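So you can see what is in the structure, the chains are spelled out below.
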Amino acid sequence: MELIKLTIDNRAVEVEKGTTVFHAAKKLGIEIPTLCYMNLADLNIEHKPGGCRVCVVEVEGRRNLAPSCATECNEGMVVKTNSMRVLNSRRTVLELILSDHPFDCLICAKSGYCDLQNMAIKMGVRSIPYQGEKSTYKPDFSPAIIREMDKCIMCRRCETMCNDFQTVGVLSGINRGFEAVVAPAFERDLDHSECTYCGQCVAVCPTGALTEVDHTPQVIRALADPTKTVVVQTAPAVRAALGEEFGLEPGTLVTGKLAAALRRLGFDYVFDTDFAADLTIMEEGSELLDRLGRFLGGDKSVKLPMLTSCCPGWVNFFEYNFPDMLDVPSTARSPQQMFGSIAKSYFADKIAVDRKEMVVVSIMPCVAKKFEASREEFKVDGNPDVDFSISTRELAALIKGANIDFNTLPDEDFDKPLGESTGAGVIFGVTGGVIEAAVRTAYELHTKKTLEKVDFKQLRGLEGIRSASVDFDGVEIKIGIAHGLGNARKLLEDIKAGKSEFHAIEIMACPSGCIGGGGQPLHHGDSSILKARSKAIYTEDELKVLRKSHENPYIIKLYDEFLGKPMSEKAHHLLHTHYFARKLKHIDID
Amino acid sequence: MTSVKLKLKENDVKKIQEICKSFNNEPGELINVLHKTQEYFGYLPAEVQEEVAEGLGISVAKVYGVVTFYSFFTMLPKGRYPISVCTGTACYVRGAEKVLDEFKRILKVAVGETTPDGKYSITCLRCVGACGLAPVVMVGDKTYGRVTTDGVKDILKEYENE
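Same order as they appear, the protein sequences are chains A and B.
Per our numbering, the first sequence runs over residues 1 to 590.
Per our numbering, the second sequence runs over residues 1001 to 1162.
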């Protein structure tokens, strides 16, 4: 390994060959500001287009200022990151960006979380001396994501996530010069593109150009309506991240405070999506055992591997990209939808409320869940099983708006019966968790033996594609795991080519799974935050007395009283779904 | 970018596939593939871009990004007789703009547009390397030098009965 010595701001530093000035400066504790650079190191995503020019530095002997994020260190280099010339240029660049940016910061959805706004504050910008043409684009309102490209600063992070990481390929830089913008092909709106609504573009957008659709006004209205029974469910990943919105350390578990906050917001029943995750395992695990049993018995018509189907971004992805493989994923609905379906049937009957008078709200780390909730197949006579899906960020806004001091809230429990869950339900929030939960149950159902150790550490981790095998009492079950749709695509291509050896595959669209979802508090490219959230989820699992879905007493009761057994006709009707080929061609659109 | 739709026939799709194949379906050959495809169709409507994307295994958005970046590519069909008026410096100072205005007046279309019968389209170009003949007009591959406003009618007359 070759080492290079250089000087930055009069201080010597030694770095590996190939290191950029940006990173060398970081080593000295010098944070060079940038608007476009993004580095999710553990996920192998580095985005350095050198486009925003905010990170420019002065390099002795070089005529022009150099973008530090895209300039490699050389032996003997002398760099200045804060000379008069650099500071003036940086300010001019920022002022020019601001001169083509709307001034509606007070009412912008990203206000307070905007990198551009923060930089203007940091540099003390008090006036914008440049006046000229301003970009005007029609805002694009899809069921989950809003694009307001007037606010785009062309950092192109979204393009990297959409193309390189997710391989969805909906967003691309188009046009040139002043007209340049990031848009779907033919400047269609997202609703008419193959967007999966994974929300990773939203998660990395430095400004308010990409945001989620805000459903909090509808939730507030429902809560204020005395004729409505408002039921809330909250996804596992939310409890591991919500605290960040209230200044708590990443990875702080706030399950108890979350339940308390929801109760104070006025929800009539505070339930847990983890309950529905346990239910998902009963259905999905049984389906896997059924497929496996028939396969091992020599039935050639059985489709293996079976793929998980709880991630709505992933479901959208395979409907668009693998329309000829719709029989591969499990038919089990996602926990969000299972919850809605059971809440508006079993539970509504129990409390004698008509489903039309019940409003089901879900708190999700996700923006694709908004789209999923709006799918026609999840409605009964036009009434959706889940009325509104809001993100972790939206929930934080609701709590703040309701004058609730989150950090001083007592720890409370979820209500029964749909609030009781096992550790298996909790780990749904992290990559590898769904399949681990499924294995815990499938193993015991298949072998009729009790698991000595419920932790399957071989299924955990952050690598994009992982494989492991689990011994089902003599039968080796091969399992694949992918997070990120680009990684999922690779596993899918293998299946298509007949090269896949797996019996079961878990797929989550977002980096690290739901904990890194598009609706979570912004991690600003810091992957240590994702690790902390992941740790929190596994901690919650360990703290649970019950850690296997089929041991959840309220799940057992639900089957006894209502569903019969897993995969029963009633279960099929309420808890399973089917998929649609949705390949788009221009000629069909307009 | 404004565009005109095109319903692709089986032959057209085959042609695009052939072009992609002649470049080994290599994503890095996108610009060359688009050149050849535009040569064949005269323009690059959305339907054609979708086939190119499929042929090279890249997203349509990426193809559209390249088509909108380079001014050479167009999503509007050119006329059978594409008229290009050079507005480079030499031609400009010798009256190219007046010549251009005369074409626009007679054909009743703006720069970048095509006459409704699909016969003529007007574009501007920058220097064909024949500044001694300024102002220069090209119709298809044919070059006309020292064009005057009066000469515009004569040029168009050549194509009247075609």
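Since the hints were derived computationally from the structure, they do not count as laboratory data.
Quick caveat: nothing in here was measured; it's all calculated off a predicted structure.
Think of the CB as a built atom: it goes at the ideal place given N, C-alpha and C, for glycine as much as any other residue.
Check before you lean on any hint, since a few could be wrong.
As the list claims (entries may be wrong) - Label-pair restraints from in silico Cβ distances:
no., chain 1, residue 1, chain 2, residue 2, range
1, B, V1093, A, E95, 36 to 42 Å
2, B, N1024, A, D494, 20 to 26 Å
3, A, K531, B, K1021, 44 to 50 Å
4, B, V1111, A, G177, 17 to 23 Å
5, B, D1101, A, K583, 30 to 36 Å
6, B, E1018, A, S374, 40 to 46 Å
7, B, Y1070, A, E133, 19 to 25 Å
8, A, S111, B, G1140, 43 to 49 Å
9, B, I1106, A, E179, 26 to 32 Å
10, B, K1021, A, G112, 48 to 54 Å
Claimed, not checked - Every beta carbon over 10 Å from chain B, so not counted as near; a handful from chain A, in silico:
no., residue
11, R63
12, R176
13, S193
14, D560
Hint-by-hint comparison with the structure:
no.	hint	result
1	B:V1093 to A:E95: 36 to 42 Å	holds, 38 Å
2	B:N1024 to A:D494: 20 to 26 Å	holds, 23 Å
3	A:K531 to B:K1021: 44 to 50 Å	holds, 46 Å
4	B:V1111 to A:G177: 17 to 23 Å	holds, 18 Å
5	B:D1101 to A:K583: 30 to 36 Å	violated, 47 Å
6	B:E1018 to A:S374: 40 to 46 Å	holds, 42 Å
7	B:Y1070 to A:E133: 19 to 25 Å	holds, 23 Å
8	A:S111 to B:G1140: 43 to 49 Å	violated, 56 Å
9	B:I1106 to A:E179: 26 to 32 Å	holds, 31 Å
10	B:K1021 to A:G112: 48 to 54 Å	holds, 53 Å
11	R63	holds, 28 Å
12	R176	violated, 5 Å
13	S193	violated, 8 Å
14	D560	holds, 50 Å
Hints 5, 8, 12, 13, counting from the list given before, are not met by this structure.
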